[in-house]
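2 protein chains.
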Amino acid sequence: MDFIQELITIAPGADTPIYLQITNAFIRNIRSGHLRKGLKLPGSRKVAGLLKVNRMTVVAAYEELQVQGWIEKIPKKGTFVKKELPLLSPERIAENEEIYSIPKRTHFRFDEARIFPIPSSGFPPEGKLVFNDGFPDLRLTPMEALLRNMRSLSRRTVHKKYFMYGGSQGTRFLRETLSEYLSDTRGLPVTQENIQITKGAQMGIYLAASILLKPGDDIIVGEPGFTGAEFAFRRLNANINRVPVDHEGIDVDAVEHLCKTKKIRFVYVIPHHHHPTTVTLTPERRMKLLELALTHKFAILEDDYDYDFHYASKPMMPIASLDRNGSVIYIGTLTKTLAPAIRIGFMIAPENFIRAATHLRKSIDVQGDSLVENAIAELYREGTVTRHIKKSVKLYRERREHLCQLLNEELGNSVSFKVPDGGMAVWTTFRNTDLAVISQKAYKEGLVIPDGREYDTPAKKYNAVRLGFASLDFREQEQAVAILKELISN
Amino acid sequence: MDFIQELITIAPGADTPIYLQITNAFIRNIRSGHLRKGLKLPGSRKVAGLLKVNRMTVVAAYEELQVQGWIEKIPKKGTFVKKELPLLSPERIAENEEIYSIPKRTHFRFDEARIFPIPSSGFPPEGKLVFNDGFPDLRLTPMEALLRNMRSLSRRTVHKKYFMYGGSQGTRFLRETLSEYLSDTRGLPVTQENIQITKGAQMGIYLAASILLKPGDDIIVGEPGFTGAEFAFRRLNANINRVPVDHEGIDVDAVEHLCKTKKIRFVYVIPHHHHPTTVTLTPERRMKLLELALTHKFAILEDDYDYDFHYASKPMMPIASLDRNGSVIYIGTLTKTLAPAIRIGFMIAPENFIRAATHLRKSIDVQGDSLVENAIAELYREGTVTRHIKKSVKLYRERREHLCQLLNEELGNSVSFKVPDGGMAVWTTFRNTDLAVISQKAYKEGLVIPDGREYDTPAKKYNAVRLGFASLDFREQEQAVAILKELISN
Chain A
1 MDFIQELITI APGADTPIYL QITNAFIRNI RSGHLRKGLK LPGSRKVAGL LKVNRMTVVA
61 AYEELQVQGW IEKIPKKGTF VKKELPLLSP ERIAENEEIY SIPKRTHFRF DEARIFPIPS
121 SGFPPEGKLV FNDGFPDLRL TPMEALLRNM RSLSRRTVHK KYFMYGGSQG TRFLRETLSE
181 YLSDTRGLPV TQENIQITKG AQMGIYLAAS ILLKPGDDII VGEPGFTGAE FAFRRLNANI
241 NRVPVDHEGI DVDAVEHLCK TKKIRFVYVI PHHHHPTTVT LTPERRMKLL ELALTHKFAI
301 LEDDYDYDFH YASKPMMPIA SLDRNGSVIY IGTLTKTLAP AIRIGFMIAP ENFIRAATHL
361 RKSIDVQGDS LVENAIAELY REGTVTRHIK KSVKLYRERR EHLCQLLNEE LGNSVSFKVP
421 DGGMAVWTTF RNTDLAVISQ KAYKEGLVIP DGREYDTPAK KYNAVRLGFA SLDFREQEQA
481 VAILKELISN
Chain B
491 MDFIQELITI APGADTPIYL QITNAFIRNI RSGHLRKGLK LPGSRKVAGL LKVNRMTVVA
551 AYEELQVQGW IEKIPKKGTF VKKELPLLSP ERIAENEEIY SIPKRTHFRF DEARIFPIPS
611 SGFPPEGKLV FNDGFPDLRL TPMEALLRNM RSLSRRTVHK KYFMYGGSQG TRFLRETLSE
671 YLSDTRGLPV TQENIQITKG AQMGIYLAAS ILLKPGDDII VGEPGFTGAE FAFRRLNANI
731 NRVPVDHEGI DVDAVEHLCK TKKIRFVYVI PHHHHPTTVT LTPERRMKLL ELALTHKFAI
791 LEDDYDYDFH YASKPMMPIA SLDRNGSVIY IGTLTKTLAP AIRIGFMIAP ENFIRAATHL
851 RKSIDVQGDS LVENAIAELY REGTVTRHIK KSVKLYRERR EHLCQLLNEE LGNSVSFKVP
911 DGGMAVWTTF RNTDLAVISQ KAYKEGLVIP DGREYDTPAK KYNAVRLGFA SLDFREQEQA
971 VAILKELISN
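Residue numbers (our numbering), protein chains in the order written: chain A, 1 to 490; chain B, 491 to 980.
In case anyone wonders, no lab produced these hints; they're calculated from the structure. Please note: incorrect hints may appear among the correct ones.
[Unchecked claim] Here are the simulated DSS-like pairs of lysine-lysine, each with C-alpha atoms no more than 27 angstroms apart in a straight line:
1) K527(B) to K566(B)
2) K753(B) to K104(A)
3) K214(A) to K704(B)
4) K787(B) to K104(A)
5) K753(B) to K82(A)
6) K83(A) to K778(B)
7) K128(A) to K297(A)
8) K566(B) to K536(B)
9) K73(A) to K778(B)
10) K214(A) to K750(B)
11) K263(A) to K704(B)
12) K37(A) to K778(B)
13) K297(A) to K753(B)
14) K288(A) to K594(B)
15) K908(B) to K884(B)
16) K288(A) to K573(B)
17) K288(A) to K563(B)
18) K83(A) to K40(A)
19) K288(A) to K572(B)
20) K704(B) to K262(A)
21) K527(B) to K288(A)
22) K750(B) to K787(B)
23) K530(B) to K104(A)
24) K40(A) to K530(B)
25) K778(B) to K104(A)
26) K530(B) to K288(A)
27) K214(A) to K884(B)
28) K594(B) to K263(A)
29) K214(A) to K618(B)
[What the hints assert, rightly or not] Below, a sample of chain A positions facing chain B; criterion: calculated Cβ distance under 10 angstroms:
30) F108
31) R155
32) G167
33) T337
[Stated by the list, open to error] Some chain B residues flagged as far from chain A (calculated, every beta-carbon gap over 12 angstroms):
34) G533
35) N544
36) K752
37) Q895
38) F907
39) Q930
40) P948
Being a predicted model, the structure only gives us computed values, none of them experimental. For every residue, glycine included, the Cβ atom is placed at its ideal position computed from N, Cα and C.
Chain A extracted, bound-state conformation:
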């Protein structure tokens, strides 16, 4: 047993107390088979000498091991590794396996085929230019103001309650603030009872779809469409029907046609700027869609993720603002307005639906960060958000124009696109060039540009991609387009 100092290494400066380090080392060695069952252990004095620690430290470790059921003291005989301890399948332990590690795969089975290949969303690589999907410029995010509000709220005793559980629907302060804001800016005269605070638009989509869907239910989406939402629908085992998206938005006649043969549970629509093509759904189609919803009793899941960003005239009001019958579930988010990592979004719906959403959310993650929610409400109240939006819209408008001009001048006939009325990306179709090839080559040149394959269906290859312009300044845009030009002309 003199090899004990080989088995046990002590780190004197570590956070874990020394007696516990010794305890853990013994357990590791019993488990790995280095200290076999029934083995008589040396006395605490001897171990202390070998390890050069105080004897009481070893006594404490032995007591701990006994309490945990690894060793036993037999009066007048000594201390032994327990025999009865039903160590699991010791023959599986490799001879040289000193430290246990978690197996690569589960022993039980689960439906791994249901893991869909969601496009990776790792942090963008350092030092690369990125044409993202249309995200805000993080350099503008009013993070200082947000943190200042959080600190100020957290210091007030009366706000300590917001550290506690309590807001599955979102804090009342944020819901009241948003209901006023949405009423003023989007013609949505909602009360705080019509709002469920979510984590970004995605959670609103997931909650709504979870409430509406039973496995196999039919739903309708536009094609091409927002893959992030589709992944949630597939997860929930929806039967997805696709209708074309043209220059007026999703084809509502095709929706009507489907309603004749199928019981449609909901239609998922992004009327303001369709994702990915950025087209705006016309007023006529909006009205028609509402009428169909009334007749066929489906829900309209209206995703309005970038309402704040419109560069031409004021944006068209949401479908939800025209709905008098309770057909629309309206989803919005602040992630595009502030920053993706500030995970705040909202769902607007009749009260019975919001109640269901609140209950479901309790099962999923209980609630959001109440302190952050109130700090953001304060950002709205004090005018920071409005100023931030004004500033961003001005900047993004210039960047949109700059990028469109660059695409025209530099890439000319190699691409086609329509200048978007709003949002943060240009839907760009590549002609005579395989975007997937360009994407691979561009990466080597320092430019990240998606290959656009996520929008493809078996029937149609789009060879198109969203070029996010909001987060690239003029110089960055010029560099990025220069790389594309070089690759296309070769």
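Given chain A's structure and the hints, the job is docking chain B onto it.
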């Protein structure tokens, strides 16, 4: 049309520009029928005079209305409310309905019966004493340190990327930090690939159950058990089998018995301190459970939500630390350590399972708050968390002893309980008194105490409740127990 100033009110100081206020007012009135279809509108000069605004403001409003499709200009005739606009079912609009509001109920149907009555978790009422379920004392939360770290990280340009999308699995920094911490303190030698960061333990439970379950699958829970988890399982349409919980934890023989007749998908267990009864699962039963998992290929869903809080000897290591076969999915949380509103938890599992969890999470809410995640990792690195736990454990131990002594001395034979080894609550059974009645009366006296009914089954009424001691100081405990004593003796 001179009544136009009756229909349109302008708020000069509002955030919404005046031309837009006018636009919105027109839309409201067209929708409500006050301005009928085909109506000829007065000229901009006239409206400007009536409303006492600049004529160009009205021109801008009319242009906006035209773009949005509400009105049309007919050359040499004038401006008219559009006839073709398919206003939806105008006969449904009440004569006096000037401002639209969202209907109380949805027009479409959904399965409202699936909304389970989850116990309310509203913020505790002001000025009341609260026996909560066992939550930390928010007065101790190191919120200043957390906000300081967030500010410091957000100011460093290199960390700006954490405002962006990118961390569905959780930031690498937090996963690495936690893997070291869990290895040191719980004998879980995991790598960052074995960790999925979640929003509290609840999201870990929801993700794991979602991955494992198909509707109708059989699972096993202890009775009485943690209702928060059960709600998630019911949502996911699991068939819940209950096995008794005694003084050694859940009855593993009963688990074995069930495995003989049913294909069990997973066993949900809280071995460290079972919720609600606080009992610790014995080593023998842990081993037996692992063996059963090996044989019957079920998953063990180990919820270890309060590992940091143990007052006797060091806590027993998790079942996950004994699992060599990949049977255990281990769920933990920092909400009990820091504050419920800091929604950070984690799941530990073999890599194939973590991959599924990361993908599923993308569908639900994309990711967590990367900046908060890294700020918390920093709290661990700098030692703040360890110091905080040490301080809290010392205080909570005293509070546990104080409450147990009070219950003995003041309530005597009216209650029975076992001093818990850890956690933040005493599982207290009321004798000869109906807890539901006590709960109602106590509220009027200024004390919130749950009625405990959530634990009842058709077969058994427990008449018991968890009395959280961690968030009440000595004086508050004395006041709370005095109220109970008064009510019981009457």
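Numbers of unmet hints, in rising order
Of the numbered hints, 5, 7, 10, 13, 23, 24, 27, 29 and 33 do not hold.
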